[in-house]
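Protein chains in written order, with the working numbering: chain A, 410 to 556; chain B, 410 to 556; chain C, 410 to 556; chain D, 410 to 556.
These aren't lab readings, by the way, just hints derived from the structure by calculation. Take these hints with a grain of salt, some might be off.
Any copy will do: because identical chains look the same in the list, a pair fits if it lies in one copy or spans two.
For lysine-lysine, the following BS3-like pairs were computed, each having C-alpha atoms within a straight-line distance of at most 30 Å [claimed, not checked]: (1) 493 <-> 556; (2) 546 <-> 535; (3) 556 <-> 535; (4) 535 <-> 494; (5) 520 <-> 496.
The model shown is predicted, which means the values in this text are computed figures rather than measured ones.
Listed below, chain by chain, are the residues.
Protein chains: 4
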Amino acid sequence: MPHDFQITRRIEFSETDMAGIVHYSNYFRFMEAAETAFLRSLGYSIALKRGGLELCLPRVHAECDYSVPLRFEDEIRIHLLVVKKGKRTLTYQFRFERIHPAPSVEVARGKVVLVSAKRQRDGSLKAAPLPKLLADKIHQAPPDLLK
Amino acid sequence: MPHDFQITRRIEFSETDMAGIVHYSNYFRFMEAAETAFLRSLGYSIALKRGGLELCLPRVHAECDYSVPLRFEDEIRIHLLVVKKGKRTLTYQFRFERIHPAPSVEVARGKVVLVSAKRQRDGSLKAAPLPKLLADKIHQAPPDLLK
Amino acid sequence: MPHDFQITRRIEFSETDMAGIVHYSNYFRFMEAAETAFLRSLGYSIALKRGGLELCLPRVHAECDYSVPLRFEDEIRIHLLVVKKGKRTLTYQFRFERIHPAPSVEVARGKVVLVSAKRQRDGSLKAAPLPKLLADKIHQAPPDLLK
Amino acid sequence: MPHDFQITRRIEFSETDMAGIVHYSNYFRFMEAAETAFLRSLGYSIALKRGGLELCLPRVHAECDYSVPLRFEDEIRIHLLVVKKGKRTLTYQFRFERIHPAPSVEVARGKVVLVSAKRQRDGSLKAAPLPKLLADKIHQAPPDLLK
């Protein structure tokens with residue numbers, strides 16, 4: 410697994426708001442898209458897709474710092490780094506880099522903390538250790554990458 | 410049950426796009442909000458909320474005609490009329506009326522067709538008659554209301 | 410320009426709803442994404458991006474027929490065909506094909522009608538002919554493609 | 410102006426995801442809805458609505474801690490408190506309280522920092538002091554309210 414996992418995407422019209430820039434809530438959708446691509450690259454999905462949602466990874470904290478606004482048709486690269494792998498939690502850092510139009514520039518930085526949970530019979534969620542098969546594949550980024 | 414069921418709502422900032430108007434996909438969210446309020450008024454929910462999703466009402470057709478754009482903080486009244494109650498289907502008409510700023514004006518008109526479905530053990534959906542308790546409470550609008 | 414313009418995308422977690430399937434309003438976001446890719450392929454954007462929104466293409470009608478639900482991580486191909494090029498309007502057909510998981514199957518079909526409009530000084534929109542440079546590049550699909 | 414400004418809303422179907430709970434990005438839309446209601450109560454809008462977007466309040470930081478998931482048709486009360494009023498910035502705290510189903514419980518807590526900005530001729534944004542008329546109406550919450 411790469412310590413700096415990356416995806417790219419292009420800003421869609423529906424992601425803008427009347428200020429002409431990407432609505433701030435959409436960055437959290439983008440972070441999730443990077444995360445699901447990351448887990449998919451490890452052979453996992455944030456949801457067992459067809460066979461019921463036994464394992465879930467609900468978020469307990471999410472944050473984002475915005476420095477440069479994004480606009481329609483901008484192309485961005487999202488970097489995902491694992492800041493911390495706990496017994497039942499994962500902490501990701503996300504860096505948003507605008508790669509088009511040039512020059513390339515970091516435009517936002519996010520952080521998400523999630524817990525591993527199992528769905529109970531009554532539909533409620535209960536914290537549970539990260540599955541070993543998943544945990545073994547995830548490695549914290551070295552500190553020098555996390556400046 | 411009123412033949413012309415109504416809700417009101419105010420346009421939110423996140424519902425606009427960079428053209429300065431409400432994004433056209435949001436009208437379908439608004440129609441659904443009117444429908445869930447309608448079903449709630451009959452004692453029903455479009456999803457059995459806590460106890461699993463046994464009954465679902467998936468949409469098979471949706472459409473909208475847009476005549477006047479909506480903007481941030483506009484207040485609208487959404488009218489829901491039952492066009493047709495079939496054995497397994499419901500057809501709604503939705504009229505979007507902008508009530509603020511004045512003067513009041515119809516700005517859009519939508520239609521949604523849904524089928525009654527039951528969730529199978531494997532998670533798939535299968536068409537099923539509308540539950541009698543629900544069907545008995547729903548009445549088609551008289552033709553003169555549906556001009 | 411190809412008569413059957415295509416894009417692919419993968420369903421994101423945030424595009425699902427509690428029924429476990431893609432929310433019906435998102436298909437309209439997907440259609441728009443196909444359209445903007447189409448216009449981009451012609452050297453155009455549905456919005457003059459940086460220099461103000463002089464030319465807009467507001468939608469006057471949108472519809473979708475849903476036959477098979479889409480789920481998280483499904484991969485789809487969206488086909489855009491130009492049904493009709495008028496002096497001031499464009500009508501698109503969209504076909505949603507699920508390409509993963511196999512077998513490939515058409516899951517939905519949409520239609521959108523838009524008008525060409527110019528933004529006035531006061532912010533309002535006024536219908537205007539499609540710009541010639543754009544109109545010259547767009548060709549109606551032959552009837553046999555539009556079965 | 411009340412130090413604990415409040416709005417209520419009901420969770421909509423389109424705000425849920427396939428985990429059966431409200432998607433975490435929607436809390437940021439909810440915070441903004443509380444903020445726009447707050448500014449409206451002071452006679453302001455986060456956007457000059459009809460006459461162009463001269464004054465904007467772009468977000469530079471947003472965060473949320475999630476403790477209890479929200480579900481379809483839950484009713485919530487959102488509390489907005491002004492944590493800090495700077496010369497060019499505002500910091501809000503948001504408390505999400507689920508009021509239905511009973512018992513009432515705090516389910517999430519958010520924070521947003523925004524800057525006052527003026528739109529330049531070229532469409533870019535430039536930081537500018539909060540308009541005096543607005544700043545004079547906004548008061549920081551007393552520290553004991555911000556436990």
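30 Å Cα cut-off: does residue 546 pair with residue 535 within a copy, between copies, both or neither? The answer is within: 23 Å in one copy meets 30 Å, while 39 Å across copies does not.
Intra- versus inter-copy proximity for residue 494 and residue 535 (alpha-carbon distance at most 30 Å): within (19 Å within a copy, 39 Å between copies)
When no copy is specified for residue 493 and residue 556, does a C-alpha distance of 30 Å or less occur within a copy, between copies, both, or neither? For residue 493 and residue 556, both the intra-copy (14 Å) and inter-copy (28 Å) Cα distances are at most 30 Å.
Cα distance capped at 30 Å. Does residue 520 pair with residue 496 within a copy, between copies, both, or neither? both (18 Å within a copy, 28 Å between copies)
When no copy is named, should residue 556 and residue 535 be tagged within, between, both, or neither for a Cα gap of at most 30 Å? For residue 556 and residue 535, only the inter-copy Cα distance (28 Å) is at most 30 Å; the intra-copy one is 34 Å.
When each numbered hint is compared with the structure, no violation occurs for any of them.
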